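> Protein sequences appear in the order of chains A and B.
Position one of the first sequence corresponds to residue 1 (our numbering), numbered consecutively onward.
Position one of the second sequence corresponds to residue 1001 (our numbering), numbered consecutively onward.
To be clear, the hints were calculated from the coordinates, so they are not data collected in a lab.
Keep in mind that the hints are not guaranteed to be accurate.
[Claimed, not checked] Reference excerpt, derived from the structure (chain B facing chain A, CB under 10 Å, subset only):
1) L1030
2) D1045
3) K1050
4) S1053
5) E1084
6) D1092
7) F1095
8) F1112
9) A1198
[As the list claims (entries may be wrong)] Derived lysine-lysine pairs resembling DSS-like cross-links, with alpha carbons at most 27 Å apart:
10) A/K162 / B/K1049
11) A/K317 / B/K1131
12) A/K317 / B/K1049
13) B/K1050 / A/K339
14) A/K46 / B/K1034
The model shown is predicted, which means the values in this text are computed figures rather than measured ones.
In this text, a Cβ means the ideal position worked out from N, Cα and C, and glycines have one as well.
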Amino acid sequence: MAGTTLFDKIWESHVVRAEPDGTTLLYIDRQLVHEVTSPQAFEGLKLAGRRPRRPAATLAVPDHNVPTTDRKLAITDPISAKQIQTLEENCRDFGITLFGMNDIRQGVVHIIGPEQGFTLPGTTIVCGDSHTSTHGAFGALAFGIGTSEVEHVLATQCLVQKRPMTMEIRVNGTLSDRCSAKDIILAIIGKIGTAGGTGYVIEYTGSAIRALSMEGRMTLCNMSIEGGARAGMVAPDDKTIAYIKGRPLAPKGDLFERAVQAWQQLKTDSNARYDATVTFRADDIAPQVSWGTSPGMVTGVDQKVPDPRMMSDEKTKNATERALEYMGLSPNMPITDIKIDKVFIGSCTNSRIEDLRLAASFAKGRKVAKTVHAMVVPGSGLVKQQAEAEGLDLVFREAGFEWREAGCSMCLAMNADVLQPGERCASTSNRNFEGRQGAGGRTHLVSPAMAVAAAVEGHFVDIRNWS
Amino acid sequence: MQPFTQITGLVAPLNRVNVDTDQIIPKQFLKTIKRTGLREGLFFDWRRKKDGSPDPDFFLNQSRYESSTILLTRDNFGCGSSREHAPWALLDQGFRCVIAPSFADIFYNNCFQNGILPVVLKADEVLSVMKEVVGTEGYQLTVDLGNQTVTTPGGTAYRFDIDSFRNDCLYRGLDSIGLTLQHEAAITAYEQRRQQDAPWLFADVR
């Protein structure tokens, strides 16, 4: 008998029923909710006179709009304030747990799920947010949905889904010193393209993936959507179990032991088949820097900005020309010649404690260049608290970084943290789309280590030989 | 939800690949708590030149495309953010159908929730129709969901694929939550099974 993949096992264990054409009613174990994509879902419930089926399976937090400056001050944007207030009212009316803006547990929705032990292996997890793929790092099937589907899950705890295909991305070998999960995933997207994973769920395998910490696996899975895949996953192992143990919402005692036994079965059988397999060697991956307006427009820091005149494919050529014009870059310019104005360390991709420790280790004893404005935005109130207990905030402050409150912040600039037109930012976030960090703003996606080095030097440097 | 059976309508061309939902509707329009009134934000940054004045080259600023109901575009349309504000804004502008060689998964799903039909045609078919649209003022297509065809004014019919379940729901304008709730007994049975197999998932998180 043919074996099954990790994805197959999770999918099969969540099928409520199937239509003749294969359309499946899939059970959803857990939902995360934030203020931007939920108001219309709650409104829909109210209009239809429906109640959430299992309010206890849902956890809500405001993150996109929250200010990262002093929380005691009121939000200056009345529309942002209204959206956050609406979330508070909806959670109260429908009996849903909310980590409010002044709760120490507040933070970016994809940081707090794992941090609280809400994210567990073998579960199906959804959120009205494309970076829900993050939670796949625990061997969960986690994917982003639209607001209508948020309402659907609230009302029924189910979603109507078509079974996706499976793709294995195998990364063997050893990463170069100072390279990280961010460089792996950017290199992957650079190769498969922003639509390479469309229709697939990715399972990341191989020795370089096993070697990653849970934080690294979250960074990796987080950006699966940037390669077009709604979900990315890593099979749980001892690191996963050690990470979960003792977290506030994780199972305790006998239930934990029972859960661990089940989680240990969650892996792809040796005789299972994926619909596609792509392989990489970690040793070949240089620190990555995006140069364009899509995450697939990325290259090694030791490379040059590509030349559209050398491209034969009409689509790639036109898209490259357009991107270079927007980004204000010339073909064949060395990546290390690109000067930056701002640095953003944060987002659901890179704002966990490990990211901040690593960034601080490079910032220690150095100074942010006079021409650069740099900020660090922790992923959650608890990450901030932990970082401060370790003195990381002082390291950043002494180096000239601003130390902020938790939130999505300049990843998408829905709050006051915005790039001005033409400003160029080295960012540890996940999207370099036109205007993503502010209309006319120019984003270069990098790892936390690369972002710190760029802040200090005022331009990109190869972190591998930065002294 | 408004059913989609067949429409004949004016076609607007957007000849770009990888159009992400941040471009379809930028972040400042996501602060609303309503589904309506998002037309103003549709392709907001692309409608304007750097000085803020309307860009006459962008299709939404051209009177010939003013009342278009079908958007014709290129590969990987709707990639990036899951924001359903993207189809809401398209719908608010009057679009009922988007034709492209490929779509991003979440956007594709979101269309069906809002009575918008996303049609996948082959890349060369899209390019050929794109040429005709740009070259012919008042160019209309007929999109027929029942027959799964897109027909040009010249009578060429392109066939497209769509899952039968999705087709049926859109064609009849069904309330998908209502449909799922018809399977209440199956959901309850599943939950009872699941509670036996994985009791740790049923602990109250509050």
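> All the hints need checking, so say for each whether the structure fits it.
Now the hints, each set against the structure:
Checking B/L1030 against chain A by beta carbon gives a least distance of about 5 Å; that is within 10 Å, so the hint holds. Here the hint on B/D1045 is kept, as its CB sits about 5 Å from the closest CB of chain A, short of 10 Å. With its C-beta approaching chain A no nearer than about 7 Å, B/K1050 sits inside the 10 Å limit, and its interface hint holds. Interface restraint check for B/S1053: the shortest CB-CB distance to chain A comes to about 14 Å, outside 10 Å, so the restraint is violated.
Hint status for B/E1084 relative to chain A: holds, with the closest Cβ pair at about 4 Å, below 10 Å. Taken as an interface hint, B/D1092 does not check out: its beta carbon lies about 13 Å from the nearest beta carbon of chain A, beyond 10 Å. For B/F1095, the suggested interface contact is broken, since its CB lies about 16 Å from the closest CB of chain A, more than 10 Å. With its C-beta approaching chain A no nearer than about 9 Å, B/F1112 sits inside the 10 Å limit, and its interface hint holds.
At about 7 Å, the closest approach between the beta carbon of B/A1198 and any beta carbon in chain A falls short of 10 Å, and the interface hint on this residue holds. With a CA separation close to 41 Å, the supplied pair A/K162 and B/K1049 exceeds the 27 Å bound. Taken as a hint, the A/K317 and B/K1131 pair is honoured in the structure, with Cα atoms around 19 Å apart against an allowance of 27 Å. Pair hint A/K317 plus B/K1049 holds up; C-alpha atoms about 23 Å apart against a cutoff of 27 Å.
Among the hinted pairs, B/K1050 with A/K339 is consistent with the structure: their alpha-carbon atoms are about 22 Å apart, no more than 27 Å. The suggested pairing of A/K46 with B/K1034 holds, with an alpha-carbon distance near 13 Å, which does not exceed 27 Å.
In summary, the numbered hints that this structure violates are 4, 6, 7, 10.
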